[in-house]
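A.B. asks: Residue-level listing of the chains:
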Amino acid sequence: MQHQIMGYDRTSAIFSPDGHLLQVEYAEKTVRLGSSSIGLVASDGVVILADKRVKDRLMISDASAKIYEVDSHIAATAAGILSDARVLLERAQILAQQHRVTYDSPVDAESLVKEIANVKQAYSQYGGARPFGVALLFAGIDPDESRNLFVTDVTGNYFGFRATAIGENDEKIKEMLRKDYKENLDIEGCMNLALDIFKRVLGKGFDISRFEAAYIGKDKTFKRLVGDDLRKFLK
Amino acid sequence: MQHQIMGYDRTSAIFSPDGHLLQVEYAEKTVRLGSSSIGLVASDGVVILADKRVKDRLMISDASAKIYEVDSHIAATAAGILSDARVLLERAQILAQQHRVTYDSPVDAESLVKEIANVKQAYSQYGGARPFGVALLFAGIDPDESRNLFVTDVTGNYFGFRATAIGENDEKIKEMLRKDYKENLDIEGCMNLALDIFKRVLGKGFDISRFEAAYIGKDKTFKRLVGDDLRKFLK
Amino acid sequence: MQHQIMGYDRTSAIFSPDGHLLQVEYAEKTVRLGSSSIGLVASDGVVILADKRVKDRLMISDASAKIYEVDSHIAATAAGILSDARVLLERAQILAQQHRVTYDSPVDAESLVKEIANVKQAYSQYGGARPFGVALLFAGIDPDESRNLFVTDVTGNYFGFRATAIGENDEKIKEMLRKDYKENLDIEGCMNLALDIFKRVLGKGFDISRFEAAYIGKDKTFKRLVGDDLRKFLK
Amino acid sequence: MQHQIMGYDRTSAIFSPDGHLLQVEYAEKTVRLGSSSIGLVASDGVVILADKRVKDRLMISDASAKIYEVDSHIAATAAGILSDARVLLERAQILAQQHRVTYDSPVDAESLVKEIANVKQAYSQYGGARPFGVALLFAGIDPDESRNLFVTDVTGNYFGFRATAIGENDEKIKEMLRKDYKENLDIEGCMNLALDIFKRVLGKGFDISRFEAAYIGKDKTFKRLVGDDLRKFLK
Amino acid sequence: MQHQIMGYDRTSAIFSPDGHLLQVEYAEKTVRLGSSSIGLVASDGVVILADKRVKDRLMISDASAKIYEVDSHIAATAAGILSDARVLLERAQILAQQHRVTYDSPVDAESLVKEIANVKQAYSQYGGARPFGVALLFAGIDPDESRNLFVTDVTGNYFGFRATAIGENDEKIKEMLRKDYKENLDIEGCMNLALDIFKRVLGKGFDISRFEAAYIGKDKTFKRLVGDDLRKFLK
Amino acid sequence: MQHQIMGYDRTSAIFSPDGHLLQVEYAEKTVRLGSSSIGLVASDGVVILADKRVKDRLMISDASAKIYEVDSHIAATAAGILSDARVLLERAQILAQQHRVTYDSPVDAESLVKEIANVKQAYSQYGGARPFGVALLFAGIDPDESRNLFVTDVTGNYFGFRATAIGENDEKIKEMLRKDYKENLDIEGCMNLALDIFKRVLGKGFDISRFEAAYIGKDKTFKRLVGDDLRKFLK
Amino acid sequence: MQHQIMGYDRTSAIFSPDGHLLQVEYAEKTVRLGSSSIGLVASDGVVILADKRVKDRLMISDASAKIYEVDSHIAATAAGILSDARVLLERAQILAQQHRVTYDSPVDAESLVKEIANVKQAYSQYGGARPFGVALLFAGIDPDESRNLFVTDVTGNYFGFRATAIGENDEKIKEMLRKDYKENLDIEGCMNLALDIFKRVLGKGFDISRFEAAYIGKDKTFKRLVGDDLRKFLK
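Residue numbers (this note's numbering), protein chains in the order written: chain U, 1 to 235; chain D, 1001 to 1235; chain H, 2001 to 2235; chain B, 3001 to 3235; chain L, 4001 to 4235; chain A, 5001 to 5235; chain Z, 6001 to 6235.
Derived by calculation from the structure, the hints in this document are not laboratory data. Just so you know, not all the hints are guaranteed correct.
In silico negatives: residues of chain H with every beta carbon more than 10 angstroms from chain B [what the hints assert, rightly or not]: (1) P2017; (2) H2020; (3) A2122; (4) A2129; (5) R2162; (6) K2182; (7) E2183; (8) E2188; (9) G2189.
Pulled a few chain B residues facing chain L out of the computed Cβ check, cut under 10 angstroms [stated by the list, open to error]: (10) V3024; (11) E3028; (12) V3031; (13) L3033; (14) R3057; (15) I3060; (16) S3064; (17) D3084; (18) G3127; (19) A3129; (20) R3130; (21) G3133; (22) D3144.
Idealized CB from N, CA, C, for every residue including glycine.
Bound-form chain U, shown alone:
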């Protein structure tokens, strides 16, 4: 509270006396207020499962998707302020297209992630704008066939994972993943595991119509699953 009264938390352009960036820490809370997503590297591809929370029967899922096709071989989702995410992911889409045009080959996921993370870093250092209030999870298959999963945080750091989660309850979900995830799970196995984890975490709140999934398999083609297509992965 002391640091709030003193105003160290009014801009990402100042440090608190103990060396913290409070605005950035608040933005991290925004991320944890967001609905969760799980990303997993499967033996034959990559998988994302995202909770959308909303279930208005008049809303159209296609036009309100939470998982983005950054390029045919890279999927991404977000936790936090979704309009912030859209702006960053549209930038990623353009970077991916430019790479294809310039080098005549798909971009590798880490290059893309690094560019987006640099944008986020800048907004955690300069005044006059707030940090991006969003964590992004990228999953893709690179031209060298490696399957990758990256998460960028609010400060512009990024890390590579075999399986991880962002948003509400992320620590709880990551704990389950550390226990149950195995590297030999295939896409179907990953999908089963992710849905099972959400069932355990949400309990009565679990409702398959709240979810949206996407995977990229050996053909390096982005595929989205909703409704009945997704339901059949429920064990």
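Given the coordinates of chain U, work out where chains D, H, B, L, A and Z should sit on it, guided by the hints.
C.D. replies: Then chains D, H, B, L, A and Z, alone, in the frame of chain U:
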């Protein structure tokens, strides 16, 4: 109140300690202070009905329209600060014209909506200007014959709907829509339903001269209805 | 008062917690502190009558006019900060001239009004400058012979009217207009009505030398009336 | 005082809750702290008489003039911050020269006054700089032989006069002018009147060496009077 | 004090409620904290005598001069912040050189003074920088043989003099000059008078090694005097 | 505390009354909150050992490296905000590549370090952004075969070392280095020493999987060591 | 304290009510917190002796030099924030190189000093950045064989000396120099004197390994002395 005294709500460029964007939340209140509009996808087109609230006999409806013809195949209306809306919708009109000139075909509604939503996102992140205090509702028929309804909120998110409402009493109206809207309603049926909902919501305050409607049918041509033309849809 | 202490009213770039733009509301008070003007659409033209309040015998009316000739077919006047008005109306004059040069035809009033209203909107959203503290009333005859009357408010909204008023006592005057204005009044009838209304509103304060009038008739030519030329319309 | 504590008076970029621009009102006080000048339209020209207040015997009047020759046919003086005035009047000089070069004819006074007034308006609306703390009085003979007198105030308004005053005691002086000024006074008569008014206003403080005068006669040539040249107009 | 608590004195970009520019007034105090200089117009040239205050035996007078050669026919000195002065006087030097190159003749002193005064005016009106905390005294012989002495103050005003002083005790010195200065004094007489005045003002503090002088005679050539060269003018 | 209440610590653009830059000092605390790294010059190369602290079994070390290959002959690591470090080190990578392209030879380490230090200096002087919250440690072999170790601090200073440490416990580690480091240690010996020091400092917390190392030997080629490759250097 | 509470010391862009620039005065304290340097003009060259304070046996003196070779004929050192100094001295190095390229001759020291002083002046007048917290001491031999010593202070003033000191205890050291420095001392004599003064000032704290010296002799070539090379000048 605590957060107000601490000043977390003075610019959209800072997060509150619990991860909220208070200026953006205030702008959402502005939207709910605005008069309401209903948008519906009909079996043969799209329909917007807008409450203008004013009924000065000396005011001229044509020159004070609340529903905009963004392009012949896309209509839009707004709730909140109407001058903010006009500025954004004029930008949409220009984007639509540029698309026609560049690609020799009409723009699809979602591309347009995304551009406008990006503008709104920027004003929810940078200091030095307030967020746009307006929700926009777009209804259109795309070149591929799909009928679409989108709403952009104050943060720059957008969602697709079969039927929805913006402005004052939006939750109440959406509840009625979820109950009474059916996908097989044609333009006339949608118009009847929307007028009926407003009658129920406004009670004694209902007055057909406060309203303005527009629809786009199979000929993909924007048509506006006021006064007696609109009255005949009252059951 | 609470909102004033909290500082929500120091710039047009922030919303108050209840979704208001207080600086813009203060600017509207400035407008109501200004001397009033009445605009009317006549059966054979358009009419503006403006109260100038000042009556220094050493002041020269020509060089201190309150009604502007935007173009030969469009007149305009203002309530509020008159130097703000002059800057906006000079911009309108230039736009009108550019239209004549570019399209070889006079501009229609609404296009002009929209451009000026957009400038006002920007100053109600950005920090670093105050909103324009002025309401503008435009009266003109379009190339298609339609007679138009528009008012732009402080936020950058504009509305079309048959007859209306801006400035001090505007609500009182509009009430009288709603009662007494008829669409079949010709220029002379409109001038009589407007002068009569001012007599009723100002009572003893009424003095013909405080007023300035202008009208545009079928010949689409701006004509200004002061002194004895105006006095003869007093019944 | 309340509005001062609340900070409504710290920049010309905000309105007070009752719709006032307090910084602009303070700047008007600066003007009234300045030494006075009188301008008059004579039957055969225009006249300015300016009080310089200072009377250091070591100061050189030529190089410390208070009346400017804007162009050979236009004179100007100021009340308030004299360095602000110099900057504005140098701009006027350049505009006048540009007009001569571009159109091969002298500029008319009102065009010039309008340009300078627009600069002043901008500084009454934007933050980051204070308003110009100066009232300017222009007197000139136009190419069409009309004799003109204009005053621009701090907000960027301007008005035309037959005779008027700016600076300290302006209201008192204007009252005397309204009583004693006659349109048939020639240059000599105007000079007599202006000096007489200053004698009455300053009483014992009156000292001819404090004053500087200028007039433009039928030959449209600026002439400056100080010392004995001026003394002979004292009756 | 009241105005200080209210913050009217934090930038030159605001007026106090009584129409003062407090930052500018503070800058004037800086000037009066500076060591003094006397300028005089002699019958055969112009003279400046400057008190440098410092008398470190290890300091080198040449490389720490307080009187500048702006051009061979114009000398200048300053009171206040000497680095501010240097920046302004280097600008004057460049302007003088540009004039020689462009017009193939030396610049007249007043043109130069006006340019520098305009720079100072700007810093007394805009925020984001402080006013120049320096008074400048220019002495020169113009191409038309006139001998000139100008002082620019902190607001950007300038005045012409026969003899004057800036800095500490300026009023006291000016009083003595008004009493003892005569227009028929030659360079030597002016030098005698200026040294004599400093002896009277400084009393025991007077020490010839603290002083630096410069004069420009009929040959229009800047000459600097220090140490013994200066001592011989002591009577 | 006094200086915090007075606000001297809110931006790197102001000094405290005792001449300190408090924001910069806070940023130095951020550096000490970061996990530590040790750099050493070996008789046959240079060595860096970095503690990454994290040990999530699902995290992939390659894609979350803490030691950067700036160029094949220069390695670098950081303590503090790692996204800040990445942005600075990517700039260093580009500078190194440009040097190769421009001069057809590898850049020397000090030139690179100086450029990066200059960027840091700027952020310790200007407002509107916070200082970079990171210390960087560079180790490289120059074209002239000299082996170098540099550390840049938060203010933009840099120093050369034989062996040093950054981050948490840096003073304690440097003390051990001053005692145990010898210039004749080869790469293996340096690796042994650095691991041994971390064992002593972390005690029970020591876990080889937390660490990452890199060295550059006589072949001037960057080599990274993790997991078992690093474990074999544990004595 | 009063002025601190009132905030006159938060930026170099405002004057305090008594005409002081408090931020600049604080920056001067930073200079006095810095370790000291002595500069001397010898009969056969110029000499600088600098205390580096640090004596970490693992630090490398070459790569942490405190005396800069600005050009082969000009040396410089600093007291205060050393990264500020480096940025300014690199600018000086570039200016010196540009002079050699443009005029095919070495730059004279005062031209260089003036340019750097102008940069410092700007940072003492504008807001948005702090003043440079550093005093610089330049020593050089000009193309005309004159030997020069200059010091620039925080405000951007500069002065020439025969011998002087900057940093901690500067007044005490200057007192000793005024007593003991003689113009006929040669480089060796100056070195002896400077070392002797530091021995007297530091007492027990004196340690030759803390020092770094440089001199420029008749060959106009910069030479640096550390360790044993410097020790032999100790008497």
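A.B. asks: With reference to the structure, classify each hint as holding or not holding.
C.D. replies: Evaluation of the provided hints:
For P2017(H), the non-interface assignment is confirmed: its Cβ lies about 17 angstroms from the closest Cβ of chain B, beyond the 10 angstroms cut-off. Every Cβ of chain B is farther than 10 angstroms from the Cβ of H2020(H); the closest lies at roughly 12 angstroms, confirming the non-interface assignment. Annotated as non-interface, A2122(H) keeps its C-beta farther than 10 angstroms from every C-beta of chain B; the closest such distance is 12 angstroms. The claim that A2129(H) is not at the interface with chain B is violated, since a C-beta of that chain comes within 10 angstroms of its own (minimum 5 angstroms).
A cut-off of 10 angstroms between C-beta atoms confirms that R2162(H) is not in contact with chain B; the least separation is 28 angstroms. Consistency note on K2182(H): stated as away from chain B, and its beta-carbon is indeed over 10 angstroms from all of that chain's, at 34 angstroms minimum. Interface exclusion of E2183(H) from chain B stands, the closest Cβ pair being 34 angstroms apart, more than 10 angstroms. Listed as a non-interface residue, E2188(H) keeps its Cβ farther than 10 angstroms from every Cβ of chain B; the least gap is roughly 29 angstroms.
Every CB of chain B lies more than 10 angstroms from the CB of G2189(H), the least distance being 32 angstroms, so the non-interface label holds. The criterion of a C-beta within 10 angstroms of any C-beta in chain L is met by V3024(B), whose closest approach is roughly 9 angstroms, and the hint holds. Taken as an interface hint, E3028(B) checks out: its beta carbon lies about 8 angstroms from the nearest beta carbon of chain L, inside 10 angstroms. For V3031(B), the shortest C-beta to C-beta distance to chain L is roughly 8 angstroms, which falls under 10 angstroms, so the interface hint holds.
Among the interface hints, the one on L3033(B) holds; its C-beta lies about 5 angstroms from the nearest C-beta in chain L, closer than the 10 angstroms criterion. Nearest Cβ of chain L to the Cβ of R3057(B): about 6 angstroms, under the 10 angstroms cut. The hint holds. Satisfaction of the interface hint for I3060(B) is found here, the shortest Cβ-Cβ separation to chain L being roughly 4 angstroms, below the 10 angstroms cut-off. The criterion of a C-beta within 10 angstroms of any C-beta in chain L is met by S3064(B), whose closest approach is roughly 4 angstroms, and the hint holds.
Look at D3084(B): its Cβ gets to within about 7 angstroms of chain L, closer than 10 angstroms, so that hint holds up. Taking 10 angstroms as the C-beta cut-off, the interface hint given for G3127(B) holds, the closest approach to chain L being about 8 angstroms. With a least beta-carbon distance of about 5 angstroms to chain L, the hint placing A3129(B) at the interface is held under the 10 angstroms criterion. Proximity of R3130(B) to chain L holds as hinted, the smallest CB-CB distance being about 5 angstroms (cut-off 10 angstroms).
At about 7 angstroms, the closest approach between the beta carbon of G3133(B) and any beta carbon in chain L falls short of 10 angstroms, and the interface hint on this residue holds. The beta carbon of D3144(B) is not positioned within 10 angstroms of any beta carbon in chain L (closest approach about 33 angstroms), and the interface hint is therefore violated.
Hint compliance for this structure: hints 4 and 22 are not met, and every other hint is.
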